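Dock chain B against the given chain A, drawing on the hints supplied.
Protein chains: 2
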Amino acid sequence: MSTSTNTTRPPKASNEIFIGKKPLMTYVTATLVQLANEPTVVIKARGKSITRAVDVAQIIVKRMDTIGYKIGPIKLGSEQVTSEDGKMRNVSTIDVPISRTK
Amino acid sequence: MSTSTNTTRPPKASNEIFIGKKPLMTYVTATLVQLANEPTVVIKARGKSITRAVDVAQIIVKRMDTIGYKIGPIKLGSEQVTSEDGKMRNVSTIDVPISRTK
Numbered sequence: 001m002s003t004s005t006n007t008t009r010p011p012k013a014s015n016e017i018f019i020g021k022k023p024l025m026t027y028v029t030a031t032l033v034q035l036a037n038e039p040t041v042v043i044k045a046r047g048k049s050i051t052r053a054v055d056v057a058q059i060i061v062k063r064m065d066t067i068g069y070k071i072g073p074i075k076l077g078s079e080q081v082t083s084e085d086g087k088m089r090n091v092s093t094i095d096v097p098i099s100r101t102k
Numbered sequence: 001m002s003t004s005t006n007t008t009r010p011p012k013a014s015n016e017i018f019i020g021k022k023p024l025m026t027y028v029t030a031t032l033v034q035l036a037n038e039p040t041v042v043i044k045a046r047g048k049s050i051t052r053a054v055d056v057a058q059i060i061v062k063r064m065d066t067i068g069y070k071i072g073p074i075k076l077g078s079e080q081v082t083s084e085d086g087k088m089r090n091v092s093t094i095d096v097p098i099s100r101t102k
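First to last, the protein sequences are chains A and B.
The UniProt record's numbering puts the first residue of the first sequence at 1, with every later residue one more than the last.
The UniProt record's numbering puts the first residue of the second sequence at 1, with every later residue one more than the last.
Bear in mind the hints are in silico, worked out from the structure with no lab data behind them.
Note that the structure is predicted; figures quoted are calculated from it, not measured.
Certain hints may be false.
One copy or any two copies: either way a pair holds, since identical chains are not told apart in the list.
For lysine to aspartate or glutamate, the following EDC-like pairs were computed, each having C-alpha atoms within a straight-line distance of at most 16 angstroms [as the list claims (entries may be wrong)]: (1) 44 - 16; (2) 75 - 85; (3) 75 - 95; (4) 48 - 79; (5) 75 - 16; (6) 62 - 79; (7) 21 - 85; (8) 70 - 38.
In isolation and in its complexed conformation, chain A is listed as follows (with noise of 0.2 angstroms):
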């Protein structure tokens, strides 16, 4: 069995922090108290809630910069989802990573 260092994703890494419905600022201080811990936080959402995942992003680099964060590599993507009606639908992704800069 190999132990060697395996980098085809996990399901969900610690590191990842997924955008809902709850209040921007959960998001906000949920994406900090993970980048205590590590050193890059990669703010996920689809669809509707790409906007508020741009929001956060934004919120922690601006308001928070003098504790220095920055805005890594952004991946766009998409996603098939089935309806409600049984048909297959796109559904566009971000992916907004947070680093710490110190």
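Showing chain B alone in chain A's frame:
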């Protein structure tokens, strides 16, 4: 009482597509037309239109990928806007560059 809410914005460059409330395919077509003339077109949006900007970029890159387009380094930002009640608010922005790969 000032009625002018003119945030100083640079004149619109010819390779920028600003996402608003029109049907998505309007922006997809506009971007593709611009890409016939320019090597790179920047899809710009702010606030709730950010999600739509990501959708436009995904439609171009996924559905039209035989032609060969790629998403460049995405830039997030925020702008101050004066809302109707006179308060200053921050609104998030996104710039998604799309380039021809050949």
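Go through the copies and call it for residue 70 and residue 38: within, between, both or neither, with a Cα cutoff of 16 angstroms. Classified as within: same-chain Cα gap 14 angstroms, cross-chain 30 angstroms, threshold 16 angstroms.
Up to 16 angstroms CA-CA - residue 85 versus residue 21, copy category: neither (23 angstroms within a copy, 26 angstroms between copies)
Homomeric proximity label, residue 44 with residue 16: Cα distance no greater than 16 angstroms: Within one copy only: 7 angstroms inside, 26 angstroms across.
Is it within, between, both, or neither for residue 48 and residue 79, if the alpha carbons may be no more than 16 angstroms apart? within (13 angstroms within a copy, 20 angstroms between copies)
Within, between, both or neither: how does the pair residue 75, residue 95 come out at a Cα-Cα threshold of 16 angstroms? Intra 5 angstroms, inter 13 angstroms, cutoff 16 angstroms: intra and inter.
When no copy is specified for residue 62 and residue 79, does a C-alpha distance of 16 angstroms or less occur within a copy, between copies, both, or neither? between (30 angstroms within a copy, 11 angstroms between copies)
Can you tell me if residue 75 and residue 85 fall within 16 angstroms by alpha carbon in one copy, between copies, both or neither? Classified as neither: same-chain Cα gap 29 angstroms, cross-chain 36 angstroms, threshold 16 angstroms.
Could you figure out if residue 75 and residue 16 sit no more than 16 angstroms apart (CA to CA) within one copy, between two copies, both or neither? within (14 angstroms within a copy, 20 angstroms between copies)
When held up to the earlier numbered hints, the structure conflicts with 2 and 7 and fits the remainder.
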